[in-house]
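Spelled out, the chains give:
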Amino acid sequence: MMRLQTRKLLDRAFAGVGVFAIVLMALALIAILLPIFQRGAGAYVFRATVEHRRQMLDLFERGDEDVLVKEMQKALEARQPVLEALASYRADQSERLNEAIGAADRLAQRDDLLGRRIARAVEQLRHTADLRQQIDRLSRIEQLMRPQSTPDMTDDLDLIRDITSELEVQAAQYGELTERLRQLLGPLPGDEPRILPRFRYGQARWDRALIKQSQLLYIEEWDYSDASAMGRRVLSPRRDLFADTALYPLFEHIENDLEAMLRPRWTFYGRFLTDHSVDAHFFGGIGPEALGTFYLTLGAMLFAVPLGIIAAIYFAEYAKPGRTVSFLRSCVSTLAGVPSIVFGLFGLAFFIYTIRVSPGKSVLAGSLTLGLLILPTVIRAAEEAILAVPREYKEAALALGAGRWRTVLTVILPAALPGILTGTVISMGRAAGETAPIIFTAAVSVGVALQPTEVFTQATPALSWNIYNLATEHEAVDEIRHVQYGMVTTLVGIVLLLNIAAIWMRARISRKLRG
Amino acid sequence: MNNIPTSEFAVRRPPAVSVKTPRNPAQAGNGNQLMADSFSVYYGPFEAVKKVSCAFPVGEVTALIGPSGCGKSTFLRAINRMNDLIPSCHVKGLLYFGGKRIYGPKLDVTVLRRRIGMVFQKPNPFPKSIYDNVAYGPRLHASCSRRDLDERVETSLRKAALWDEVKDRLQANALGLSGGQQQRLCLARALAVNPEVLLMDEPTSALDPKATAAIEDLIDALRGAYTIIIVTHNMQQAARVSDLTAFLYEGSLIEVGATSQLFTNPKEKRTEDYITGRFG
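The listed protein sequences derive, respectively, from chains A and B.
Residues in the first sequence are numbered from 1 upward in steps of one, following the working numbering.
Residues in the second sequence are numbered from 1 upward in steps of one, following the working numbering.
No lab work stands behind these hints: they were computed from the structure.
There may be inaccurate statements among the hints.
[Said to hold, decoys possible] Using 30 Å as the maximum straight-line C-alpha spacing, the simulated DSSO-like pairs for lysine-lysine come out as follows:
#	chain 1	residue 1	chain 2	residue 2
1	B	K106	A	K320
2	B	K210	A	K320
3	B	K210	A	K512
4	B	K50	A	K320
5	B	K92	B	K50
6	B	K92	A	K512
Using the sequences provided together with the hints, build the complete structure.
As structure tokens, then:
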């Protein structure tokens, strides 16, 4: 016989372990959800630059044009020193180039075949606008002439060689710098217009702009000198490359005046949820994905819930115990354990290729597949809920002369409703989040929001699939992390909301049943 | 001699069954509306009710008594075929109601159950409003107008002596009533379909003495209008409310007779042993 003290101690220890487990679970949940929510919130609330407002006006026709024009003027004013530095650097370079051209001209003065060839080449050179091509042609003239040169030509040839090699290096450095500048501030004056929106605007988000700024200011290199260790990242200031040039002050401007150039402002972008995406999620929102998930989940529910409840009624009320029924039951259990990717392949093979519910991937095929996936869960939850209805209710109804079917409809189902509802909502969350079944049956990476009439034939983007897609297959994963997290947060938020709604409804119905 | 206060029910229920005529001749039919003829009920191979033969006179209250497991509830539930719910249960012999075989192939069990109402051991109102509980039966069998339905509900609740207590909260959930009220509501629900027979399976075993008294008063009030068969563990209750008493033991009907006679002057030894408390 255990002593009373020991028993009390054990009781308390068990209670403690239970509380500890629950607290641990809650903490884990918070630890997982909080960072996701925090990052995902960044898709909705962030410091938007003037470039974001330009996009909104251009692509979605939102915002006040006059205000924006004025703001853009101010931003351009702030960017002016940068542009001036670029222009003056280019002027310096042309001057150097002209020196070399002058040398080439001198060479062309020779009154012989060689001189005439050089003169023709220089003439061609003058018709070329691009600095890099000019450099190219010059160095080709130099290389061509060198073997045939006479001693009096050496000085000029050397001059041309020095200047072209110097300019070549500078042009490469300048090209990289301007590429960074374009990413940060958008196209530079004189650039050819480009089609993709990602090249037409500077950074729309201030957090991304800061990263681009640092990439502009510093050159990232990897030091592999220590062979036994991992490569080490080394940042060296880019301005060192441009010491003593007209570009040197540009770095100062970019470092200190970026805010004036981009004018970031805290913005709530609530329509992230409903906007379509522009240029493969570089801009815009996740509207088509959210709508796709809604369609798919709703479709799966429409298919699985009635069927599941009917099957559950059959199992709980009609089926006579026997081989067939226990076989059917184990079928349902097995179905619940089948990996979801198998459902996806089955959906492709059966719904699309065999019975051809649609010409190709479609919301309908995806919904049917998802419905099949959650069917076992719905059946089990509903069956358990029905079996949990007190036998007395059923007896009372039968004793009053109600038929079996009538009893089920008027007494058993209403009493089982809270349980059925819980199972339904849990499976709804599952349907909303499943990825594998829709890969082959419904999901596309980029698509437009579907009209309700299009769901029978059209494929759709969906949150779950696009989260995966953005994380793994997108061409610029890093640029659009915020969209990815925004999708995750939205999906988790939707599922949470559904669960809360279910808990609330369940509580309401239970209260009504309890009286 | 025994612990039953015989004098009391002797005063209350003097007439013997043999001299009784049906109180409601219109409902009488052949006088033996409900009749069992060597009727047996099996659970699988086990014979729970063994070749019972008896008749339940119209308008009378018949009590079924006997020790636990003697088959009285099984017999009662066989009368309106509630045992159909149990897969292993099957019957032999004959059971007539109004001259028709209850287990006959042509019988519509929903009609049978409407004509033979039942009140269960545990109050089992539906988790619906009081009104919907009583209206459940009428709604099943006829599409009557709202006014007819209201009337039906009120009449039934009045018959169950519950109207005054609930008339102001007909839309409240029935599970909010007390146990005794719930049982009377179940009675009202059963009465609402105008049955001819009422089966009561230990209707007061889950109730306190006051609620029990209320139910017994109701049974007394319903006497004559309905044929009532009541299963009870409580021999005083059987003595108080019934006209006839049947004693079952191990599935067999040992003795049936006028309550006053059975309790005061049982013919069978086993009956006497049981009612005097020697076993059971």
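Evaluation of the provided hints:
no. : hint              : verdict
1   : B:K106 <-> A:K320 : holds, 23 Å
2   : B:K210 <-> A:K320 : violated, 43 Å
3   : B:K210 <-> A:K512 : holds, 29 Å
4   : B:K50 <-> A:K320  : holds, 27 Å
5   : B:K92 <-> B:K50   : holds, 9 Å
6   : B:K92 <-> A:K512  : violated, 44 Å
Hint compliance for this structure: hints 2 and 6 are broken, all remaining hints hold.
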